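Residues are numbered in the numbering used here as their position in the sequence shown, beginning at 1, plus a constant of 6.
Quick caveat, the hints were computed from the structure, so don't treat them as lab data.
From a predicted model like this one, the values you see are computed outputs, not experimental measurements.
A virtual CB, placed ideally from N, CA and C, is assigned to each residue, including glycine.
Fair warning: there could be bad hints in the mix.
[Stated by the list, open to error] In silico SDA-like links for lysine to any residue, alpha-carbon gap of 20 Å or less:
| # | residue 1 | residue 2 |
| --- | --- | --- |
| 1 | K87 | K248 |
| 2 | K116 | G161 |
| 3 | K259 | V230 |
| 4 | K248 | T156 |
| 5 | K259 | K87 |
| 6 | K54 | A146 |
| 7 | K54 | G139 |
| 8 | K71 | L105 |
| 9 | K70 | A60 |
| 10 | K71 | I114 |
| 11 | K259 | R271 |
| 12 | K54 | G209 |
| 13 | K87 | D240 |
| 14 | K248 | P58 |
| 15 | K70 | I114 |
| 16 | K248 | R184 |
| 17 | K54 | T156 |
| 18 | K87 | V36 |
| 19 | K116 | D173 |
| 20 | K259 | A63 |
| 21 | K54 | K116 |
| 22 | K257 | H231 |
| 23 | K259 | D240 |
| 24 | K116 | A146 |
| 25 | K248 | L265 |
| 26 | K71 | L265 |
| 27 | K248 | R59 |
| 28 | K71 | K54 |
| 29 | K54 | K248 |
| 30 | K259 | R245 |
| 31 | K70 | A264 |
| 32 | K259 | D53 |
[As the list claims (entries may be wrong)] Computed Cβ-Cβ distance ranges for the label pairs, DEER-style:
| # | residue 1 | residue 2 | range |
| --- | --- | --- | --- |
| 33 | T175 | E239 | 16 to 24 Å |
| 34 | E214 | K70 | 37 to 45 Å |
| 35 | T109 | K277 | 36 to 44 Å |
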Amino acid sequence: MVFPAYMDLFPPPDRADLQPGTGNSMTPAVRVPILYYHRVEDHLPPDKGISPRAFAAQMGYLRKKNFQSISFEQLADYFIKGRPLPSRPVILSFDDGYLDNFTRAYPILKQNGFRATIFLVSDYIGRRSEWAGCTGEDVAPLMSREQLLTLVREGFEPGGHTRLHSDLTAVPFEEARREVEEGKQALENLLQRPIRSFAYPFGNFNPEVVELVREAGFTSARTVHTDNTHCLEDLLTLRCVKLNGRTPWLKFKYYLTALYHWETRRHERRKSGRG
């Protein structure tokens with residue numbers, strides 16, 4: 007953990023961190039924090055979501071520090087097409103499309119001038135999160151098509167999250183293929199726009215699953231592995247920062263810094279015996 011007095015020695019990404027992509031393996035890495043949320047609601051267990059008050063504080067801090075929200079499509083286009091990114095880019099992402107993302111998070115995002123990516127389970131839109139493995143207090147209402155269209159009109163990015171929220175590493179290969187491809191097609195039919203970004207349910211993936219996602223036509227995919235810096239080769243295994251009610255304020259700020267990237271990769275090298 008970094009101490010507050012040293013925070014400014016490792017500032018958030020600025021334009022100096024951003025160089026045009028070239029679409030090849032020499033494309034420089036870029037620091038774009040990808041913040042990953044599930045629910046935004048009061049009275050949730052701290053590991054299940056974040057309160058609107060805490061979420062508003064985080065968004066207010068990002069606005070104060072001049073962060074600009076971008077989509078996963080924009081990040082992919084930076085690497086693939088060489089399109090520039092704005093100064094201090096950040097990606098805000100939500101998994102599953104819970105109703106409170108619309109009723110609680112959306113007004114806070116709009117107030118701060120931010121947009122987000124919502125990863126959607128296509129067969130459950132307008133229903134409740136009663137997919138396999140989600141029971142009891144974890145079951146909650148999900149957004150309707152009309153609410154999602156409102157967000158899309160506001161510039162939010164819809165992303166794929168399979169048809170049924172299946173663990174793609176635990177089902178037969180052809181079932182995994184259908185989950186990815188049919189989920190994408192259903193969202194494109196429902197929202198009448200291309201779906202290019204994906205998030206792995208439960209964060210689980212392997213090389214075969216990554217290839218399925220690529221073949222389905224996705225240009226980026228988010229995992230739940232941690233880091234805030236990305237390169238062309240990582241586009242289908244993008245890392246992120248998971249945030250919930252257990253995230254201390256100083257740690258939230260730390261996740262935005264270059265020091266976080268450096269310490270994350272140093273820890274991985276040590277764990278693998280390479281550091």
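Going down the list of hints, with the structure as the test:
1. Between K87 and K248, the direct Cα distance comes to roughly 28 Å. Violation of the 20 Å bound is thereby established for this hinted pair.
2. A threshold of 20 Å between alpha carbons decides the hint, and for K116 with G161 the separation of about 11 Å falls inside it, so the pair holds.
3. Restraint check: the Cα-Cα separation between K259 and V230 comes to about 19 Å, which is no more than 20 Å; the hinted pair holds.
4. With a C-alpha separation of about 26 Å, the suggested pair K248 and T156 falls outside the 20 Å cut-off, and the hint is violated.
5. Proximity of K259 to K87 is assessed by CA-CA distance (about 31 Å); at most 20 Å being required, the pair is judged violated.
6. Using a Cα cut-off of 20 Å, the hinted pair K54 and A146 holds, with the two alpha carbons roughly 11 Å apart.
7. A threshold of 20 Å between alpha carbons decides the hint, and for K54 with G139 the separation of about 14 Å falls inside it, so the pair holds.
8. For a cut-off of 20 Å, the pair hint linking K71 to L105 is broken: about 29 Å separates their Cα positions.
9. Restraint check for K70 and A60: satisfied, since their Cα atoms lie roughly 15 Å apart, inside the 20 Å limit.
10. Taking the CA atoms of K71 and I114, the gap is about 16 Å. The hint holds against a cut of 20 Å.
11. At most 20 Å may separate the alpha-carbon atoms for a hinted pair to count; K259 and R271 meet this at roughly 18 Å.
12. With a CA separation close to 15 Å, the supplied pair K54 and G209 stays within the 20 Å bound.
13. Under the criterion of a C-alpha separation no larger than 20 Å, the hint pairing K87 with D240 is consistent with the structure, at around 15 Å.
14. For the proposed pair K248 and P58, the alpha carbon gap of about 16 Å is at most 20 Å, so the pair holds.
15. Distance restraint check for K70 and I114: the Cα-Cα separation of roughly 14 Å lies within the 20 Å cut-off, and the hinted pair is therefore satisfied.
16. For the suggested pair K248 and R184, the alpha carbons sit about 28 Å apart, so the restraint of at most 20 Å is broken.
17. For the hint pairing K54 with T156, the CA-to-CA distance comes to about 25 Å; that exceeds 20 Å, so the pair is violated.
18. For the given pair, K87 sits about 15 Å from V36 by alpha-carbon distance, which is consistent with the 20 Å threshold.
19. About 33 Å separates the Cα atoms of K116 and D173, which puts this hinted pair outside 20 Å; it is violated.
20. In summary, the hint linking K259 to A63 is supported, as the alpha carbons are separated by about 11 Å, within the 20 Å threshold.
21. Taking the CA atoms of K54 and K116, the gap is near 23 Å; set against the 20 Å cutoff, the hint is violated.
22. Taken as a hint, the K257 and H231 pair is honoured in the structure, with Cα atoms around 17 Å apart against an allowance of 20 Å.
23. For the suggested pair K259 and D240, the alpha carbons sit about 24 Å apart, so the restraint of at most 20 Å is broken.
24. With a C-alpha separation of about 23 Å, the suggested pairing of K116 with A146 is violated against the 20 Å cut-off.
25. A hinted pair counts as satisfied when its Cα atoms are at most 20 Å apart, and K248 with L265 qualifies at roughly 17 Å.
26. Restraint check for K71 and L265: the C-alpha separation of about 17 Å stays at or below 20 Å, so the hint holds.
27. Proposed proximity of K248 and R59 is supported: the alpha carbons are some 17 Å apart, at most 20 Å.
28. At roughly 27 Å between alpha-carbon atoms, K71 and K54 are farther apart than 20 Å, so this suggested pair is violated.
29. The suggested pairing of K54 with K248 holds, with an alpha-carbon distance near 11 Å, which does not exceed 20 Å.
30. A C-alpha spacing of about 17 Å is found between K259 and R245, which places the hinted pair at or below 20 Å, so the restraint holds.
31. Distance restraint check for K70 and A264: the Cα-Cα separation of roughly 19 Å lies within the 20 Å cut-off, and the hinted pair is therefore satisfied.
32. A threshold of 20 Å between alpha carbons decides the hint, and for K259 with D53 the separation of about 19 Å falls inside it, so the pair holds.
33. Under the hint 16 to 24 Å, the C-beta atoms of T175 and E239, about 21 Å apart, fit the expected range.
34. E214 and K70 have their C-beta atoms about 43 Å apart, which keeps the hinted 37 to 45 Å range intact.
35. Distance hint check: the CB atoms of T109 and K277 are about 41 Å apart, consistent with the given range 36 to 44 Å.
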